[in-house]
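K.L.:
Sequence:
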Amino acid sequence: MPHYNLVMVVLGVAILGVAWLPSLLKKYPLSYPILFVGLGALIYWLPIGLPTPDPIEHANFFMHLTELCVTVALTGTGLKIDRKFSFLRWRTPLQLVMILMVITIAIFAVVAWRVAGLLPASALLLAATLAPTDPVLAGDVQVGNPGEGREDTVRFALTGEAGLNDGLAFPFVHLALALTVVALPFTERLLHWAWMDVLYRSGMGLLAGWLAGRALSFLIFDLPHRVRISPEAYGFVALAVTLTAYGVTELLHGYGFLAVFVAAVTLRSHERSHEYHTEMHEFTDQMERLLIVVILILFGGALVRGLLAPLTWGGVALGLFLVLVLRPLGGLLVLARSRASWPERLAISFFGIRGIGSFFYLAYATNERHFPDARELWATTGFTVLLSVVLHGTLATPVMNWVDRYHGRPTVIEEEEKALQEGENKPQIRAS
Numbered sequence: 126m127p128h129y130n131l132v133m134v135v136l137g138v139a140i141l142g143v144a145w146l147p148s149l150l151k152k153y154p155l156s157y158p159i160l161f162v163g164l165g166a167l168i169y170w171l172p173i174g175l176p177t178p179d180p181i182e183h184a185n186f187f188m189h190l191t192e193l194c195v196t197v198a199l200t201g202t203g204l205k206i207d208r209k210f211s212f213l214r215w216r217t218p219l220q221l222v223m224i225l226m227v228i229t230i231a232i233f234a235v236v237a238w239r240v241a242g243l244l245p246a247s248a249l250l251l252a253a254t255l256a257p258t259d260p261v262l263a264g265d266v267q268v269g270n271p272g273e274g275r276e277d278t279v280r281f282a283l284t285g286e287a288g289l290n291d292g293l294a295f296p297f298v299h300l301a302l303a304l305t306v307v308a309l310p311f312t313e314r315l316l317h318w319a320w321m322d323v324l325y326r327s328g329m330g331l332l333a334g335w336l337a338g339r340a341l342s343f344l345i346f347d348l349p350h351r352v353r354i355s356p357e358a359y360g361f362v363a364l365a366v367t368l369t370a371y372g373v374t375e376l377l378h379g380y381g382f383l384a385v386f387v388a389a390v391t392l393r394s395h396e397r398s399h400e401y402h403t404e405m406h407e408f409t410d411q412m413e414r415l416l417i418v419v420i421l422i423l424f425g426g427a428l429v430r431g432l433l434a435p436l437t438w439g440g441v442a443l444g445l446f447l448v449l450v451l452r453p454l455g456g457l458l459v460l461a462r463s464r465a466s467w468p469e470r471l472a473i474s475f476f477g478i479r480g481i482g483s484f485f486y487l488a489y490a491t492n493e494r495h496f497p498d499a500r501e502l503w504a505t506t507g508f509t510v511l512l513s514v515v516l517h518g519t520l521a522t523p524v525m526n527w528v529d530r531y532h533g534r535p536t537v538i539e540e541e542e543k544a545l546q547e548g549e550n551k552p553q554i555r556a557s
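Here the sequence shown is numbered in the working numbering, starting from 126 and rising by one per residue.
Since the hints were made in silico from the structure, they are not lab data. The model shown is predicted, which means the values in this text are computed figures rather than measured ones. Accuracy of the hints is not assured; some may be wrong.
[Unchecked claim] Derived DEER-like restraints, expressed as beta-carbon distance ranges:
1. Tyr-531 <-> Glu-493: 41 to 51 Å
2. Gly-431 <-> Thr-403: 20 to 30 Å
3. Phe-186 <-> Tyr-325: 42 to 52 Å
4. Arg-239 <-> His-378: 32 to 42 Å
5. Leu-171 <-> Leu-213: 48 to 58 Å
6. Gly-439 <-> Glu-182: 18 to 28 Å
From the three backbone atoms N, C-alpha and C, an ideal C-beta is built for every residue, glycine too.
Turn these sequences into a full structure, and let the hints guide you.
P.N.:
Here you go:
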């Protein structure tokens with residue numbers, strides 16, 4: 126019972142912090158995830174007898190917690206993109222997902238195998254785990270709320286990439302799992318992976334997501350007014366989009382992450398100016414922040430309870446190689462012929478943020494199969510995510526302000542201060 130009460134206090138303080146800190150820290154080179162990881166480390170460092178948040182011992186719990194967080198984040202990510210989908214309009218995020226992510230997985234897996242000495246299946250799993258960028262912790266470099274108009278090349282590219290690659294990285298996780306099944310011939314495993322894990326699951330994710338988005342659009346916007354959903358229930362509709370699209374797609378053995386994002390984008394393209402999108406996004410954003418609080422505190426606790434103990438110099442080198450070399454150089458090469466300006470390409474290439482999605486993939490894989498070096502994989506993943514949280518979280522605000530000023534645009538802070546000033550100068554009407 127004392128632990129329960131302590132958890133209630135910690136969660137209450139943390140939730141208050143996540144509601145208050147983002148506004149406070151907007152002017153400074155610091156993001157609130159860094160503070161919550163530190164809070165978790167402090168709480169679990171104290172001698173108060175809290176159980177160790179071991180991601181291997183509690184793999185099933187960590188898998189479902191991170192799964193729910195990423196799913197909710199993908200709904201919010203899809204809803205806040207104003208740009209309609211077309212291959213031309215979405216060219217940059219598609220390049221980042223279909224070309225850069227695949228190249229990253231291939232190169233990183235080879236380096237992890239041949240240089241760091243990991244087993245082939247473990248090297249591929251680590252590459253598939255760390256290659257996708259994260260829709261949860263990348264809020265500082267993503268587009269604004271629906272209809273705000275702040276959807277420049279950098280923010281749109283990073284938002285679209287984070288929404289798409291969490292589903293499209295899954296085939297490579299399944300390929301790593303297939304490499305562990307030595308009872309079947311390799312050719313048979315490869316063929317099954319190609320048609321089932323690549324073609325069918327991806328296709329079902331796209332189709333189910335589109336159908337879910339169309340069906341929900343009809344229920345929300347096209348039914349007669351007397352049977353439409355009440356505006357007070359828009360938040361529940363956000364949860365319905367998330368759970369329905371994900372659950373149905375997974376029952377059909379498709380990729381639920383992909384379906385959720387596609388459903389949200391499809392829903393957003395219908396009645397684009399409707400107030401519903403803002404209401405729904407605000408609800409998902411609040412849910413996402415609540416889940417982030419829990420996960421980051423547990424992550425900080427795992428760090429001080431030995432998560433990084435099995436970390437080798439090879440694991441450190443892999444994390445640094447991915448964040449500081451492979452992602453930035455790969456992004457610059459892939460975007461070399463894009464219409465983005467040089468500063469935009471630099472920003473897009475640098476902010477390959479790793480986070481909650483990586484935890485989910487690794488928890489999923491280690492829950493499905495036995496990997497003898499699982500603790501080393503968790504240590505390397507934990508170090509890479511921590512590096513990304515600190516480095517990208519520190520640089521997000523100044524870099525995005527630099528990009529805005531380069532294009533002659535006001536920064537987010539400047540726009541908010543201007544709106545606040547206009548609101549204060551507006552004459553007040555008193556009731557007689």
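K.L.:
Run every hint past the structure and note whether it holds.
P.N.:
Status of each hint after checking the structure:
Between Tyr-531 and Glu-493 the beta carbon distance is about 46 Å. The supplied range of 41 to 51 Å therefore holds. Between Gly-431 and Thr-403 the CB atoms are about 44 Å apart, so this pair departs from the stated range of 20 to 30 Å. Range check, Phe-186 to Tyr-325: Cβ separation about 29 Å, and the 42 to 52 Å hint is violated. Arg-239 and His-378 have their C-beta atoms about 34 Å apart, which keeps the hinted 32 to 42 Å range intact.
Checked against the hint of 48 to 58 Å, the pair Leu-171 and Leu-213 passes, with Cβ atoms roughly 55 Å apart. Between Gly-439 and Glu-182 the beta carbons are some 24 Å apart, a value that agrees with the proposed interval 18 to 28 Å.
The structure is inconsistent with the numbered hints 2 and 3, although it conforms to all the rest.
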